[in-house]
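Let the hints inform the model, and build the full structure from the sequences given.
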Amino acid sequence: MTRRVRLIVLAVGGAGLAALLVAACFCLPGFGGVRHPYGDRVVRASLARHTANTIASVNFDQRAFDTLGEMSILFASVLGTVVLLRQTRDEHRAEPEPEEVALPVRRYALVVLPVAVLTGLYVIAHGQLSPGGGFQGGVVVATALHLLYLGADYRALERIRPVGSYEAGDALAASAYLVLGLAGAVAGTAVLANFLPYGTFNTLSSGGTVPLLNAAIGMEVACAVVVLLARFLDQAVEIEKGDGK
Amino acid sequence: MSVLPYLVAAWVFLVGCYGLATSRNLIHAVGCLAVCQSATYVLLLAVGYRNGGTAPVFSDLKPGSRPVVDPVVQALALTDVVVGATVTAVLLALVLQISKRHGTVDPDELSELRG
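Heads up: the sequence lines are chains A and B, in that order. Per my numbering: the first sequence = residues 1 to 245. Per my numbering: the second sequence = residues 246 to 360.
Treat the hints as calculated values from the structure; they're not laboratory data. We put the CB at the ideal spot given by N, CA and C, even for glycine. Hints are not guaranteed to be accurate.
[Said to hold, decoys possible] Partial chain B-side listing against chain A, Cβ under 8 Å, derived:
{"hint": "1", "residue": "Leu-252"}
{"hint": "2", "residue": "Gly-261"}
{"hint": "3", "residue": "Cys-262"}
{"hint": "4", "residue": "Val-275"}
{"hint": "5", "residue": "Cys-277"}
{"hint": "6", "residue": "Val-287"}
{"hint": "7", "residue": "Leu-290"}
{"hint": "8", "residue": "Tyr-294"}
{"hint": "9", "residue": "Pro-301"}
{"hint": "10", "residue": "Pro-308"}
{"hint": "11", "residue": "Gln-319"}
{"hint": "12", "residue": "Ala-334"}
{"hint": "13", "residue": "Val-335"}
{"hint": "14", "residue": "Leu-355"}
{"hint": "15", "residue": "Glu-357"}
[Claimed, not checked] If you want the footprint, here are the derived chain B segments under chain A, 3+ residues with CB under 8 Å:
{"hint": "16", "region": "323-333"}
{"hint": "17", "region": "338-352"}
[As the list claims (entries may be wrong)] Simulated pairs of lysine to aspartate or glutamate, DMTMM-like, Cα-Cα distance not exceeding 20 Å:
{"hint": "18", "chain 1": "B", "residue 1": "Lys-345", "chain 2": "A", "residue 2": "Asp-40"}
{"hint": "19", "chain 1": "B", "residue 1": "Lys-345", "chain 2": "A", "residue 2": "Asp-90"}
{"hint": "20", "chain 1": "A", "residue 1": "Lys-241", "chain 2": "A", "residue 2": "Glu-100"}
{"hint": "21", "chain 1": "B", "residue 1": "Lys-345", "chain 2": "B", "residue 2": "Glu-357"}
{"hint": "22", "chain 1": "A", "residue 1": "Lys-241", "chain 2": "A", "residue 2": "Asp-40"}
{"hint": "23", "chain 1": "B", "residue 1": "Lys-345", "chain 2": "A", "residue 2": "Glu-99"}
{"hint": "24", "chain 1": "B", "residue 1": "Lys-307", "chain 2": "A", "residue 2": "Glu-91"}
{"hint": "25", "chain 1": "A", "residue 1": "Lys-241", "chain 2": "A", "residue 2": "Asp-90"}
{"hint": "26", "chain 1": "B", "residue 1": "Lys-307", "chain 2": "A", "residue 2": "Glu-240"}
{"hint": "27", "chain 1": "B", "residue 1": "Lys-345", "chain 2": "A", "residue 2": "Glu-91"}
Here is the structure:
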């Protein structure tokens, strides 16, 4: 198929799809309408379970099983990336050269690094109270560590980021989520059901298992992102073609 | 116009599809897939919006004092973001390997098999 024919086929298919999508848009309930039956029920259930952040309640209590699947996708994709980006037989590792960093960049990165890590941990810890949670906070923590790469150099980053222990942390956090889920079954409710007392509304200990599952996800996401970025950085900085075993 | 946000989602999706089909660079194609995915964020958030609504977080909001947007689609959008980011990571890793093995990232030149 030449490019021209391909474009014509695409245009025909795209026009058909566009017509269907536009027709579907006009059948959807109006934007900003008041009828949200599921939303209303979820809010009620979340308040009954003493969880201030309704989204955390959906993710880690009412539909914690979905989050298990989500976590498995994250875990599997990290595994896939690690396998795809490993060092092959015809490649060798080159020692990365230290680079000069402009002084303001270095100062800024080193000042912001602890603040960013702390912010990420705060977001994870307050997942059941304020907007945010394990997924968001984990990404903040993991990317904050990489400020060291910008501010200092690759060797400094490697010192605070032993990839092996982050890989183990990723697996441990994933197992912790599962164990917490099974603990519900052992406690006599159901897998991934809330079995702890709900606590006082709007305090750190509220929500039963929500903060615990949230922390497990936070740890998993942080470790997963660190491992992912480490693999890509390895490819960019260290691994080179050619035989130099 | 009350359907405009939905139409924006459809438009973003179609633009992403066009980019995917006409792409001559696999990294560009992965970017286009991310554009397609952003259409689903727009659609989800548009479906869940409620006039005058605020975030469904009750740490500093008295329950019942204000309408809140639909938390179900917000949770779905969160799932969407996570899955999108991880799929992008795996695809980029694949592109890296393709570029190493075949020396090209143009999908049109990747027609032959190689062991």
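Exercise. Measure nothing beyond the straight line between the CA atoms of Lys-307 of chain B and Glu-91 of chain A; if it is 20 Å or shorter, mark the hint as holding.
Key: violated, 60 Å
Quiz item: Are Lys-307 of chain B and Glu-240 of chain A close enough, with their CA atoms no more than 20 Å apart?
Solution: Violated, at roughly 58 Å.
Practice problem: Would you check whether Tyr-294 of chain B satisfies its interface hint, that is, whether its CB is within less than 8 Å of any CB in chain A? | Solution: Nearest chain A Cβ about 5 Å off; hint holds.
Quiz item: Can the restraint linking Lys-241 of chain A and Glu-100 of chain A be considered satisfied, given a maximum Cα separation of 20 Å?
Solution: Status violated; Cα separation ~25 Å.
Practice problem: Classify the hint on Leu-252 of chain B as holds or violated, based on whether any CB of chain A lies nearer than 8 Å to its CB. | Solution: holds, 5 Å
Quiz item: Are Gly-261 of chain B and chain A close enough, Cβ to Cβ, to be under 8 Å, as the hint says?
Solution: violated, 11 Å
Quiz prompt | 20 Å Cα cutoff - pair Lys-345 of chain B, Glu-91 of chain A | solution = holds, 11 Å
Quiz item: Does Cys-262 of chain B pass the interface hint, meaning its C-beta sits closer than 8 Å to a C-beta of chain A?
Solution: Nearest chain A Cβ about 7 Å off; hint holds.
Quiz item: Does Leu-290 of chain B pass the interface hint, meaning its C-beta sits closer than 8 Å to a C-beta of chain A?
Solution: Since chain A brings no Cβ nearer than about 10 Å to Leu-290 of chain B, farther than 8 Å, the hint is violated.
Quiz item: Does Asp-90 of chain A lie within 20 Å of Lys-241 of chain A when you go C-alpha to C-alpha?
Solution: It holds: about 7 Å lies between the C-alpha atoms, which stays within 20 Å.
Quiz item: Against chain A, is Pro-301 of chain B within 8 Å by beta-carbon distance?
Solution: Nearest chain A Cβ about 4 Å off; hint holds.
Practice problem: Examine the region 323-333 of chain B: at least three residues should have C-beta closer than 8 Å to a C-beta of chain A. | Solution: It holds: at least three residues are needed, and the region 323-333 of chain B offers 7 whose Cβ sits within less than 8 Å of chain A.
Of the numbered hints stated above, those contradicted by the structure are hints 2, 4, 5, 6, 7, 14, 15, 18, 20, 22, 23, 24, 26, listed in ascending order.
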